[in-house]
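A.B. asks: One-letter residues, chain by chain:
4 protein chains.
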Amino acid sequence: MIHFESDYLEGAHPKILERLVETNMDKTEGYGEDPYCASARDKIRKACDCPNAAIYFLVGGTQTNSTVIKALLRSFEGVMDAPSGHISCHEAGAIEAGGHKVFPLPSVDGKISGEEVDKFMKAFLADGNRDHMVRPGMVYISQPTEYGTLYTKKELEELSKVCRAHKIPLFMDGARLGYGLAASCNDVTLPDIARLCDIFYIGGTKVGALFGEALVMPDPDLIPDFFPMIKQMGASLAKGRLLGIQFETLFTDDLYFKISKHAIEMADKLEQGLKDKGYKFYINSPTNQKFIIVDNGKLEELGKSIFYEYVEAYDDGHTVIRFCTSWATAEEDLDKLLALL
Amino acid sequence: MIHFESDYLEGAHPKILERLVETNMDKTEGYGEDPYCASARDKIRKACDCPNAAIYFLVGGTQTNSTVIKALLRSFEGVMDAPSGHISCHEAGAIEAGGHKVFPLPSVDGKISGEEVDKFMKAFLADGNRDHMVRPGMVYISQPTEYGTLYTKKELEELSKVCRAHKIPLFMDGARLGYGLAASCNDVTLPDIARLCDIFYIGGTKVGALFGEALVMPDPDLIPDFFPMIKQMGASLAKGRLLGIQFETLFTDDLYFKISKHAIEMADKLEQGLKDKGYKFYINSPTNQKFIIVDNGKLEELGKSIFYEYVEAYDDGHTVIRFCTSWATAEEDLDKLLALL
Amino acid sequence: MIHFESDYLEGAHPKILERLVETNMDKTEGYGEDPYCASARDKIRKACDCPNAAIYFLVGGTQTNSTVIKALLRSFEGVMDAPSGHISCHEAGAIEAGGHKVFPLPSVDGKISGEEVDKFMKAFLADGNRDHMVRPGMVYISQPTEYGTLYTKKELEELSKVCRAHKIPLFMDGARLGYGLAASCNDVTLPDIARLCDIFYIGGTKVGALFGEALVMPDPDLIPDFFPMIKQMGASLAKGRLLGIQFETLFTDDLYFKISKHAIEMADKLEQGLKDKGYKFYINSPTNQKFIIVDNGKLEELGKSIFYEYVEAYDDGHTVIRFCTSWATAEEDLDKLLALL
Amino acid sequence: MIHFESDYLEGAHPKILERLVETNMDKTEGYGEDPYCASARDKIRKACDCPNAAIYFLVGGTQTNSTVIKALLRSFEGVMDAPSGHISCHEAGAIEAGGHKVFPLPSVDGKISGEEVDKFMKAFLADGNRDHMVRPGMVYISQPTEYGTLYTKKELEELSKVCRAHKIPLFMDGARLGYGLAASCNDVTLPDIARLCDIFYIGGTKVGALFGEALVMPDPDLIPDFFPMIKQMGASLAKGRLLGIQFETLFTDDLYFKISKHAIEMADKLEQGLKDKGYKFYINSPTNQKFIIVDNGKLEELGKSIFYEYVEAYDDGHTVIRFCTSWATAEEDLDKLLALL
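Chains as they are written, first to last, in numbering that gives the first Met the number 0: chain A, 0 to 340; chain B, 0 to 340; chain C, 0 to 340; chain D, 0 to 340.
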């Protein structure tokens with residue numbers, strides 16, 4: 000059996016394990032107050048060209064999303080996103096459990112536009128009944144999206160402009176950010192993101208770490224007293240240095256970018272192979288997730304030797320499935336996959 | 000100026016005020032434990048042909064909706080409704096504040112069907128990712144809907160059948176139930192509702208009372224220990240008898256049905272008048288709310304003498320507005336309205 | 000049987016019913032946007048000597064407490080009160096359901112002091128672990144307290160001073176405020192309260208109204224966008240004018256103060272009668288609630304002809320009970336009670 | 000500088016790191032569906048003599064506490080604990096954020112008794128006002144407690160008996176359970192706990208793991224559909240096997256018990272050393288935490304070379320501090336500490 004169903008199949012990049020082993024018996028303060036976290040923060044601030052940013056390390060994506068959204072919204076406000084957004088459909092209702100409505104806006108390829116946000120805000124403001132409605136209070140986007148697509152710099156600039164015009168924060172879920180930054184067609188840099196978003200995170204879980212997300216607030220005053228909120232949500236780690244060590248390693252010698260690049264090279268090769276073999280793509284993704292439409296008969300056969308991710312029924316005879324590459328994808332496994340397809 | 004913008008413009012039916020005055024200096028226990036509430040419960044049980052029903056009196060609709068939904072759902076469950084459902088858009092996020100997602104299903108004229116509920120449930124059950132999703136755990140409908148339309152008995156039977164097949168409760172918001180029961184085309188009775196729904200309420204606020212909703216649970220064990228939940232939500236009234244007295248009066252000598260009938264007669268006359276004058280209807284409503292499409296120029300003129308409810312822009316030159324009749328509509332006011340239109 | 004168990008046994012002061020009857024068929028906008036509410040606000044602003052105050056009318060006390068506290072606290076903050084505070088023990092956990100801890104401070108006769116608040120705040124600030132703790136973020140007091148006792152002006156000034164020094168709001172629950180203002184020993188006026196508290200309410204339910212609490216925010220900017228929060232909590236009334244009419248009536252010709260005075264005169268007479276008959280007081284209350292310690296044998300006998308409120312077991316042979324007078328207490332009933340005791 | 004301030008200063012036991020390295024490039028399914036988790040569950044079931052137990056692995060203690068308590072309580076219920084309980088004071092209000100009150104019961108040395116629980120339950124049941132109160136719905140205890148003390152088997156049996164009589168679950172927080180099991184005076188085994196508690200967890204974070212708590216439900220039906228609740232709280236790990244690998248290692252060849260025993264040996268030596276030097280103990284703890292009362296002058300001096308945990312001011316001239324040993328304590332460090340004291 001060969002595995003291409005997700006990008007969190009393995010443990011961590013060996014350098015990270017090495018550092019965990021090396022530092023294992025060091026004695027440090029807990030909850031992110033250790034020197035490894037401090038050093039990781041410095042390196043991330045530099046990578047983002049954002050010297051004053053506040054940086055927090057949280058354990059996982061669902062936690063980070065629900066903690067940030069709860070911290071930013073007032074009780075009668077909701078968050079706008081794409082219908083395919085992670086908070087809309089893969090977090091078991093964590094946002095609503097925190098008290099907030101998720102507004103799925105019209106989207107294209109998993110992306111929402113500044114124009115749609117503006118339209119939604121204006122419709123809300125024009126509604127005579129608005130005091131009886133949930134106020135749209137922030138925007139959540141994923142980069143890359145859940146469909147592997149990317150916002151261009153121009154699209155982000157428009158979203159950012161609209162959000163600032165309406166005085167609502169723009170929050171980017173970067174669970175797979177490395178794979179977005181490394182994509183051939185990408186024109187967005189970390190400093191761009193830090194300039195255009197009000198808060199975002201750099202994903203570790205899917206990009207080389209055992210777990211962990213580095214949350215960046217370019218303006219450290221965006222959420223005062225953030226730590227007790229993180230603690231209340233159970234999103235901080237007692238041995239916080241485990242997060243610091245991982246991110247310090249990822250942001251040393253461009254490791255984060257190099258391993259992301261590898262995943263993209265594998266993904267590009269996978270895409271070319273799929274095209275060569277005549278597979279039909281469900282969506283055009285430039286990052287590490289590839290969505291294809293497969294005949295159900297063929298799929299049954301593939302299922303005997305390949306783990307893939309079921310996405311949805313396409314029609315009576317076809318299914319949409321996903322393959323993922325990652326920092327850990329071995330080229331020989333990819334070759335085997337292509338041979339099997 | 001003439002008022003037809005809503006159905007809660009006036010106080011209460013004079014018989015209710017009379018009873019409030021008569022009983023004013025009686026001394027009774029609070030929180031619904033008084034003889035008026037007991038008597039009102041008996042009368043409602045009879046009207047519903049449901050001798051074992053548990054009946055609670057709550058102050059308003061938003062409270063009732065959020066209290067019932069919070070009581071029925073588990074933390075990771077959500078409620079299905081129509082996109083135009085009151086809980087979807089007119090309660091400032093009360094359901095989400097209680098921790099639950101609202102799933103707007105495809106709807107026609109403000110109504111959802113058993114078929115759509117079944118489809119949504121089956122899609123959820125078929126999704127390999129369902130443990131990471133909000134589970135659809137109940138159905139909310141309004142009778143009449145927010146668009147004044149009605150579920151037929153057959154439609155309710157289908158919804159009920161699907162809900163029971165999936166073991167999820169069917170909840171009916173009857174804020175305007177009287178106007179539905181009195182509509183000429185209606186084929187649904189209170190006993191039908193008690194048989195087909197798991198929980199529903201008979202609206203007082205919009206149908207003759209100062210305020211108040213009578214919540215009926217045909218199976219009294221549906222929600223054990225419901226009182227402390229009502230209390231926690233602030234939905235009980237210290238002087239609970241005020242609710243009992245109002246519903247006792249409404250359910251004596253068929254007052255609730257008679258005054259609802261009046262509203263429908265006025266609504267029918269309004270509809271005929273609008274048709275005669277060539278107004279175009281936005282939706283075909285058989286109850287006390289009439290939705291018409293008006294030219295914006297005409298609307299500006301009407302606005303000088305008539306209060307109407309703005310619903311939404313229809314196109315660049317037209318607007319959807321609503322007129323309501325109620326138990327309190329005077330025929331002479333209606334004649335004036337028709338003359339002005 | 001004779002009733003002295005609570006102060007919400009009857010309906011409303013006859014003048015209020017009269018006004019409800021007179022205005023019954025007026026047509027007004029809903030949710031507090033009517034002229035009666037506007038007029039009631041003006042009269043209350045004058046009574047509080049607080050021309051810029053924002054004033055909201057809510058239906059009941061539990062709702063008002065939970066809506067205000069949720070609006071004022073951040074997610075990791077809690078509210079300090081007396082252990083006997085209504086929010087601590089009579090609201091079925093409404094404050095916790097809104098996400099917040101209630102900190103019961105040491106109290107004397109149901110009252111907390113500026114000194115205790117200051118001590119608690121300082122202990123919190125000194126705790127090295129404070130980022131892992133709930134931050135005390137506001138103070139809740141009742142005037143009169145649940146034991147019928149009163150804060151003196153000096154005590155309120157100290158509480159206010161401490162709260163302002165720590166930048167936390169002081170919130171007064173005035174469910175029985177009229178009876179406090181009318182007490183012989185009281186030295187606190189409505190303008191004092193408006194000057195010393197950041198937010199407070201003037202109770203209607205227990206002081207002459209059918210229901211309703213008038214919430215006063217001397218600084219209207221204390222809670223921006225408060226209406227959608229009220230709506231979300233289900234604490235607003237569709238026919239909001241019912242609240243406006245009641246408070247307008249209560250604040251016309253000093254009705255609120257006159258009827259409160261009557262309750263106190265009855266309470267003073269009750270207290271004197273109890274003393275004359277040798278009853279032992281559990282607490283010294285100058286307002287409309289009297290707490291006495293009764294021998295259990297005697298109590299059983301009294302229970303045959305008098306409704307009283309059980310408070311708690313005092314010891315094996317004695318019980319603490321409460322009698323209440325109110326705006327509605329008839330002197331002849333009081334004489335009967337005293338004869339029976 | 001020498002560190003004895005907490006028991007989570009280091010990483011993980013070397014065997015755990017070794018296993019993480021060995022298994023690093025294995026490809027496994029996420030969210031606890033991997034073979035390591037399956038194997039760890041089997042080993043824990045055996046250690047607990049509880050073949051049908053459901054076992055879940057969560058990341059940290061605060062999450063585990065808030066997820067379990069939210070899952071077990073109904074909306075109007077609260078949880079009883081000791082005032083020093085972790086949920087009472089070290090989780091930034093996570094329980095209240097989940098909607099529930101924490102009832103601190105009278106306690107001795109950080110422990111509550113079956114008798115106190117019974118008394119509290121009976122007082123609640125006897126209160127005529129109980130429908131307006133939070134219902135005590137479960138019991139939370141820590142073993143060892145936050146003061147390092149232990150429940151005896153007899154004490155646990157009594158708690159269990161009372162809880163079962165009142166039909167409320169007994170939940171044990173075992174964040175430091177290993178150190179309790181290894182204490183010389185301990186007479187409670189894992190099978191005892193599985194027999195007497197309805198749900199409990201075996202702590203990894205403080206006992207050899209990088210992080211992680213193994214939650215054991217002897218009756219797997221106690222909480223149906225638990226996974227989506229864990230997911231909603233963000234308490235599951237995408238790479239769930241990291242938890243499985245750690246607990247599998249800890250429960251192979253009694254590693255969990257052996258390393259706990261080491262911590263206790265170090266703690267016993269520390270206690271003897273402190274006694275020999277005449278230090279006064281604040282509380283008598285048989286586990287890995289030692290609480291002593293130190294003169295403030297002395298403390299300032301110690302602070303130059305030793306990291307300790309400040310607990311609280313004892314009096315004007317003295318302070319209570321805590322030293323911890325752990326699985327990782329080196330005897331030479333302990334000797335240095337004793338030399339410095």
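Any given hint could be a false lead.
Where chains are identical, the list cannot tell them apart; a pair therefore holds if satisfied intra-copy or between any two copies.
What the hints assert, rightly or not - Mimicking BS3-like on lysine-lysine, the simulated pairs with C-alpha atoms at most 30 Å apart in a straight line are:
1. 14 / 26
2. 260 / 26
3. 297 / 152
4. 276 / 160
5. 26 / 274
6. 121 / 276
7. 26 / 335
8. 121 / 268
9. 335 / 153
10. 152 / 335
11. 42 / 121
12. 268 / 26
Bear in mind the hints are in silico, worked out from the structure with no lab data behind them.
Please read these numbers as outputs of a predicted model, since none were measured by experiment.
A.B. asks: For the identical chains here, do residue 335 and residue 153 meet the 30 Å Cα criterion within one copy, between copies, both, or neither?
C.D. replies: neither (39 Å within a copy, 57 Å between copies)
A.B. asks: How would you label the pair residue 26, residue 274 (within, between, both, or neither) given a Cα cut-off of 30 Å?
C.D. replies: between (53 Å within a copy, 26 Å between copies)
A.B. asks: First find the shortest C-alpha distance between residue 297 and residue 152 inside one copy, then the shortest across copies, and answer within, between, both or neither for a cut-off of 30 Å.
C.D. replies: Result: close neither inside a copy nor across copies, 39 Å intra and 46 Å inter.
A.B. asks: Go through the copies and call it for residue 276 and residue 160: within, between, both or neither, with a Cα cutoff of 30 Å.
C.D. replies: neither (43 Å within a copy, 48 Å between copies)
A.B. asks: Quick one: residue 152 to residue 335, C-alpha cut-off 30 Å, is that within a copy, between copies, both, or neither?
C.D. replies: Result: close neither inside a copy nor across copies, 36 Å intra and 58 Å inter.
A.B. asks: Have a look at residue 121 and residue 276 and pick one of within, between, both or neither, based on CA distance no larger than 30 Å.
C.D. replies: Cα proximity of residue 121 and residue 276: none, with 47 Å in one copy and 34 Å across.
A.B. asks: If the cut is 30 Å between Cα atoms, do residue 260 and residue 26 qualify within a copy, between copies, both or neither?
C.D. replies: Between copies, since 21 Å is at most 30 Å while 35 Å is not.
A.B. asks: With 30 Å as the alpha-carbon cut-off, assign the pair residue 42 and residue 121 to within, between, both or neither.
C.D. replies: Classified as neither: same-chain Cα gap 40 Å, cross-chain 37 Å, threshold 30 Å.
A.B. asks: Checking an output row: residue 26 and residue 335, CA cutoff 30 Å. Within, between, both or neither?
C.D. replies: between (45 Å within a copy, 16 Å between copies)
A.B. asks: At most 30 Å between alpha carbons: which applies to residue 268 and residue 26, within, between, both or neither?
C.D. replies: between (45 Å within a copy, 21 Å between copies)
A.B. asks: Is it within, between, both, or neither for residue 121 and residue 268, if the alpha carbons may be no more than 30 Å apart?
C.D. replies: Close neither inside one copy (44 Å) nor across copies (37 Å); limit 30 Å.
A.B. asks: Within a copy, between copies, both or neither: where do residue 14 and residue 26 come within 30 Å Cα-Cα?
C.D. replies: both (21 Å within a copy, 18 Å between copies)
Violated hints for the displayed structure, listed by number in ascending order: 3, 4, 6, 8, 9, 10 and 11.
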